[in-house]
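Take 3 as the starting number for the sequence shown in my numbering and just add one per residue.
Warning: the hint list may mix true and false statements.
[Stated by the list, open to error] Distance ranges between label pairs, derived from CB positions:
id: 1; residue 1: Gly57; residue 2: Thr95; range: 36 to 46 Å
id: 2; residue 1: Gln17; residue 2: Arg71; range: 10 to 20 Å
id: 3; residue 1: Glu87; residue 2: Arg40; range: 10 to 20 Å
id: 4; residue 1: Gly16; residue 2: Glu102; range: 36 to 46 Å
id: 5; residue 1: Val64; residue 2: Ile97; range: 13 to 23 Å
id: 6; residue 1: Glu3; residue 2: Glu24; range: 30 to 40 Å
id: 7; residue 1: Thr39; residue 2: Glu83; range: 13 to 23 Å
Since the hints were derived computationally from the structure, they do not count as laboratory data. In this text the structure is predicted, and so the values were computed from the model without any measurement. Cβ coordinates follow ideal geometry from the N, Cα and C atoms, glycine included.
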Amino acid sequence: EGLFFLGYQLHKTGQPESARAENLYRIISPMLFVQGTRDRTCDLDVLRATLGRVGAPITLHVVPEADHRFRAPKRTGRTAEEVYEEVLATVETWIAKILES
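Make the full structure from the sequences, and use the hints.
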C-alpha cells in the first residue's frame, strides 16, 4: 500500500510561503513524489523540508527542467514522450518495490 504524487501542488503558483502540507503529516503509507525542477506550484527546497518532517517512508524523484505538467523546454533536447517515459518508469519501479515489501 502506498501513494504516488505526480506534480504535487504544495503551494500557490510562485508562492512557496503558502505551502499546505498538513495532510501529508497524517499519512503513514510509503509515498513517491515525482516533481519537475520548473514546477512553480512546488518549490523543491520547500518540498524537501516538508518531506523531512513526514513520518512515512518517502521517495522523491526530480525530473530536470520539467514543469508542473512534466513539459521540458525544447532546449533540453528531451521530447515529451521521453519525459513521460521517465515518469512512468519511476512509478513502475517504485510500485514494484512496494509490492515486494
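Hint by hint, here is what the structure shows:
Between Gly57 and Thr95 the C-beta distance comes to about 23 Å, which lies outside the given range of 36 to 46 Å. The hinted range of 10 to 20 Å is satisfied by Gln17 and Arg71, whose Cβ atoms lie roughly 19 Å apart. For the hinted restraint 10 to 20 Å between Glu87 and Arg40, the CB-CB distance of approximately 18 Å keeps it satisfied. Separated by about 39 Å at the C-beta atoms, Gly16 and Glu102 satisfy the suggested range of 36 to 46 Å.
The hint said 13 to 23 Å for the Cβ distance between Val64 and Ile97, and at roughly 19 Å that hint holds. Checked against the given bound of 30 to 40 Å, the beta carbons of Glu3 and Glu24, roughly 21 Å apart, lie outside it. Judged by the Cβ atoms, the range 13 to 23 Å given for Thr39 and Glu83 holds: they are separated by roughly 19 Å.
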